[in-house]
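Top to bottom, those sequences are chains A and B. Under numbering that gives the first Met the number 0, the first residue of the first sequence carries the number 0, and numbering increases by one thereafter. Under numbering that gives the first Met the number 0, the first residue of the second sequence carries the number 0, and numbering increases by one thereafter.
Some hints could be false.
[To be verified] Sample of chain A residues with no beta-carbon within 12 Å of chain B, all distances over it, derived:
| no. | residue |
| --- | --- |
| 1 | E1 |
| 2 | K21 |
| 3 | S42 |
| 4 | M195 |
| 5 | K229 |
| 6 | D311 |
| 7 | I318 |
| 8 | H330 |
[To be verified] Chain A side only, calculated, beta carbon under 10 Å to chain B, not exhaustive:
| no. | residue |
| --- | --- |
| 9 | Q360 |
| 10 | S369 |
| 11 | Q388 |
Just so you know, the hints here were simulated from the structure itself, not pulled from any lab data. Just so you know, these numbers come straight off a predicted model, no measurement behind them. For every residue, glycine included, the Cβ atom is placed at its ideal position computed from N, Cα and C.
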Amino acid sequence: MEYITVQEAAKKWKISDRLVQKYCAEGRIDGIRKFGKSWGIPSSAVKPQDPRKEGGRTVSQHSRTQPEVFPGFMPLMNTPFEPGRCLDCINEMETGPRKEIAFIEYHYFSGQPEKAIQEAELYLTCPDAAYRFSACLIYAYANLSVGQIQHARYALTEIKNTLAANAEKAPCVRAIEAFVVFASSVLLHLPLPEEMPPAQEFLPLLPSGLRAFALYVQAHYLYLKEDYAKSVGIVEGTLDMGAERYPIPAIYLHLVAVMDYMSLKQTQQAQKHLLAAWEIARPDDLIEGFGEHHGLLGGMLEAVIKPGWPEDFKRIIAITYRFSAGWRKIHNPATGHEVADDLTTTEFATAMLAARGWTNQEIAAHMNISAHTVKRYISTVLQKLDIRQRQELKKYMLK
Amino acid sequence: MGKTRQYNIEGALLEIPLCYDELTGREIEIFPDFIENPVYTAQGHPVLFTGEDACTYGKSPDGTSCIDCGSCRFYRQTPGTLIGVCKHEQKRQIPSERRACDTAETKPYEGGI
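Please put together the full structure from these sequences, using the hints given.
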């Protein structure tokens with residue numbers, strides 16, 4: 000295939016270079032390829048239509064072949080952008096609710112839950128289901144981070160009720176609803192509701208970015224079932240199919256791969272994925288996911304992020320403390336599984352590895368601390384949890 | 000010096016420092032490294048932390064290998080604490096082989112790691 004440069008395409012289509020770059024980043028031109036930092040555009044490519052004539056959507060070619068549903072649902076998650084250009088990408092969106100939802104997403108994913116809550120509140124009863132669902136989903140998780148559990152429960156209940164009440168809706172609408180319920184249940188480690196349709200029914204109907212995130216949720220679900228190899232297979236496959244272009248799903252996909260590889264004791268692979276996630280997240284400060292997943296990352300943040308980026312590490316740990324306290328308040332009573340809530344993040348990370356059968360020497364080597372320090376953490380954890388042996392740790396750890 | 004808790008474990012006198020944990024509001028025992036600084040009972044059995052990595056002699060009650068002292072059939076944990084005694088004969092140091100350990104009294108651990 001012959002390719003032309005961005006400048007050549009701009010000249011051919013009589014538009015600016017910047018607009019061509021934008022079309023490329025949004026995946027709106029068929030067959031484009033990345034050569035280093037530049038885009039290659041097939042010489043036969045057709046100029047994309049004005050997005051306003053397409054209903055304001057900026058989603059991939061694949062999703063444009065789907066019926067037009069919910070273009071306003073989680074727009075930032077569903078938009079490709081270059082790492083470091085997240086805010087530019089939002090600012091380039093047409094003024095209106097879609098742009099505002101994208102900002103809510105940005106504030107949540109960059110560890111600013113108070114702002115996200117304040118902005119999401121305005122959309123909780125919005126008649127437009129896409130905006131309402133987006134707001135409910137973010138509102139629920141952001142409220143976990145600020146300890147307002149009742150508000151989080153309210154939003155989660157709203158989501159579930161909507162799914163139960165809309166059995167007659169179009170398949171694509173149901174797909175979005177299923178996505179929200181799937182994400183909200185799995186990520187809180189709660190049982191899936193009975194109304195939940197099978198993943199193969201709704202995954203193909205989602206636009207690319209949302210599908211990538213749904214596959215992250217699917218991989219997380221398999222991880223919780225301890226099917227690590229299948230989970231990591233989903234992650235690698237999804238990334239290979241281009242999910243890397245969607246930074247928010249890509250960060251979460253890499254993080255679940257870290258969880259899988261740590262469970263498989265393949266620390267090199269785990270580190271590779273952690274650094275890949277970090278490379279995507281850091282330029283835009285999209286650090287929320289790292290804090291949320293801390294307990295499941297098996298000390299990888301302590302081993303990799305802490306020495307290299309100590310200030311960022313501190314912020315991630317602050318997110319972990321905030322988020323996990325709220326998460327446990329929903330998770331523990333709902334499941335009867337008492338995940339420990341009075342450990343420090345380092346104690347928790349050490350205990351997670353010990354519960355999985357790692358020796359003190361292995362934990363020490365992985366976390367760059369002495370074996371005696373590991374033993375001190377473990378003895379503290381055992382005393383705090385009132386247990387006599389490390390074999391009993393499993394009961395109080397995450398799966 | 001801060002608060003300590005004393006144990007007499009089969010003749011080995013131990014003074015374990017306590018550290019107040021603000022999260023849980025309880026006193027946490029800070030154990031010394033019994034591998035680097037071994038402590039023996041009067042009979043010559045080593046005192047060990049329950050979470051110590053299993054040694055080559057370690058066996059679980061069903062005869063399989065175990066991961067730590069706590070899951071080993073030769074280990075006897077002292078009630079109310081996380082330390083205990085390894086009763087494996089190969090780990091025992093008979094009193095005549097020891098130098099100054101006969102009193103089995105240890106200096107309090109200062110909490111360094």
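Q: Hints the structure violates: just list their numbers, smallest first.
A: none
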